[in-house]
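K.L.:
Take 1 as the starting number for the sequence shown in the numbering used here and just add one per residue.
Some hints could be false.
[Unchecked claim] In the DSBU-like style, the derived pairs of lysine-lysine whose C-alpha atoms are separated by at most 35 Å in a straight line are:
no., residue 1, residue 2
1, Lys396, Lys256
2, Lys198, Lys367
3, Lys257, Lys381
Don't read these hints as lab results, they were simulated from the structure.
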Amino acid sequence: MKIKFSKVLLILALLIEALVAAKEITKLDSSSNNTMNNDDFFYGKAELVEFKFGLDEIGLYLTYSKLGHQEFKYLSPIGRNEDTNTISRNIKYGILGDDAVFRVYNTEDKEIYKLGEESSVRGQSTMTFESTDAYHNTNEYADLNVPFTYDVVITNASGEKFYYPPRKTDTTEPVPSVHPMQWIKWDGSVPEDAVSIKNSDGKTFLVGRTNYNEGIHCGYVDVDSKQLIISYGDRELIYDDNFEILTGASNRFGWKKIDMDNKSEYADQIVIGGNESNGVKLGVAKCKYNDSYYFGKVNLDQLHHGNFGINNKEVECLDFKVLIYKNVPAETIIRNMQWIEWDGTVPEDAVSIENPDGKTFLVGRIKYLVGYKCGTVDLSKKQLNIPSGVYSLGHKNNFEILVGPSDHFYWKKMSKNTLLKKGHHVVVAGKGGDGFDIGIAKCRYGDSYFFGELNLSKFDRAIYNHHSREYNSFEYYSYDYEVLIYSDEPVKNMEWIKWDGTIPKDAVSVKNSDGKTLVVGRTKYRSGIHCGYVDLDSKELTISYGGKKFIDDDDFEILTGASNRFEWKKIDLNNKSEYADQMIIGGNESNGAELGVAKCEYNNKYYFGKVNLDQLHHGNFGINDKEVECVDFEVLIYTDGQAKTEADPVPSVQSMQWIKWNDKIPNGAIFIKDNPNGKIFIVGRISYNNGVHCGYVDVTTSDMKLFITYGGEIRRYTRNFEVLVAPSGYLSWKKINKRNISDYNIVTGGYEKMVIN
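Kindly generate the complete structure, drawing on both the sequences and the hints.
P.N.:
Structure follows, in structure tokens:
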């Protein structure tokens, strides 16, 4: 029984008549009759549709191309040789039997995969392909993730057809797949998902490959010259056409330092970029040379050095990494967010912060000992600073930075019991040295922010540093930190938009008891920007200034944003620090004083106005041709809009007391948090020289110490001291002198040594 492997039938459902144009690319061993050996494949083409079906050392694969869309997928699972735990030469051959089943065998002649359904009708079977318009057959095929999809069709002797993927038997919706890795023919354009690198000199290179001297060799495509550069036999070779480039989902690729010692760890992930004429597999290498990166090839049987071409020669580089493709299920990937290797340049979508002093920092991480460490990439020094024990370390290379769409990230204050909305995820930087996931923290020190890490199993504190020295920088703790969150959908931010006569659904508004709806608005006036309210009936903005009311009917802005992100709070100078990072700056006076957005109650109605944020004494708004001062006002703040559930409330402190220090900050500790340098202290005391002396415990460092003074000297203690705790609101700080000392109950912190004459 002879099976016709040399022809491929292509049926296009979009065409009235089928177009068949099969082309034999690889001759099969005639002695094997109905078998495919490793590296054998079929190739067929009709109009704009192409198929390639074959075997390689990983498994049975199928490639498909239709109208510019390409797919590559393995139909069989990746297997390993049990004796060596390798995939090399795992596939020996495939055979199409007379029962209409295609079976794949390994080197031990063991069946490891089969395609098709067994048929009782014996006789000649054939294998063909069909292309179909999925939009017209929405319930017919099981794999509908692209507009045009394919079927492998095995037909038995009686004409029955068996399909892969199988026809649908129920209404289960298909699961979208991650865009696969594939090599596509260069057409002069650069796809968005091309594997690339941008060097510090602005040059962008793509991964490319071409046939040469009976082999396939990788190199780099210069986007400017549109040429592929490879190397062979100590020479640089340049191609203008007839080459391929590598594409695929960027969050599936990674570059790893691989040698013969750790090769087995990545054996099923290494991207096969080509082969030598003798069949030796070549991986894709990224080589560093004169502060720039180039793509080349690496012999996967040796993994000793990479090779690439430049300046009319072939360069051997020992400083190279190998490209891997991570077979991660689609549901485990946070789309669009990824960690990429630092190459000295800053991608547009890098997660960053610009501080008031002009310094820009990126989020970075590095593999450190047995886990990951997360920290701040200082662009002025091109260095990642991570906290590590008592000291912090600086790293110039071999670290990664976080990138992703800025409108999907946000920072949030949260605890272990905070619940996030569906589709919102804490960004995990990796496993820490203790085996627990670490999150990314934003910590404030002085007027600047730095990135650090926190243990996501505890949410007790963040660890960071704020030095840029390469060695001996101190590690700091932060208890007032924010955690990086990623949203599957874009997060709509607060925005002031120009008034066009219409009111968006997300405008910040209030509806009064008389039915009138007012919207928050603002406009420029007298070298400042002043907030007020927009009356939807008159479509006019009303503000106040200098005791008078002013109306603008044209040139003003209104405030918009997700309603669950806004809140009105009673804020004064006593609790201002609690909302300092959330108050909305609605405008400013001519002298630069910042103005918040105020909501004032007046005659049982609400009006929007302004409040001086340096004073927070009263709000101002305009009505009845005058400016009204209102003491009963609230200030608009902007929050993260997330639901919070504290499942395990922290036990409250019932009374003021001094408790023994146990290396952990107790609930109810008396803090000082508003130091200009970002330091956080709690009140402590210790017995010394027959007395008890108060001081402060610095809780921003890993080696938390009590500092006291005695005899003109500073003394430090790490144990055997006490800290002060009290119920919330129980204690307050007051300026006290001899004249008013009798007005207060003063906390007794200790006493001096008693001297008896």
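K.L.:
Compare the structure with each hint and give your call.
P.N.:
Hints versus structure:
1. Lys396 <-> Lys256: 17 Å, holds
2. Lys198 <-> Lys367: The hint holds at about 23 Å.
3. Lys257 <-> Lys381: 24 Å, holds
In this structure, every one of the numbered hints holds.
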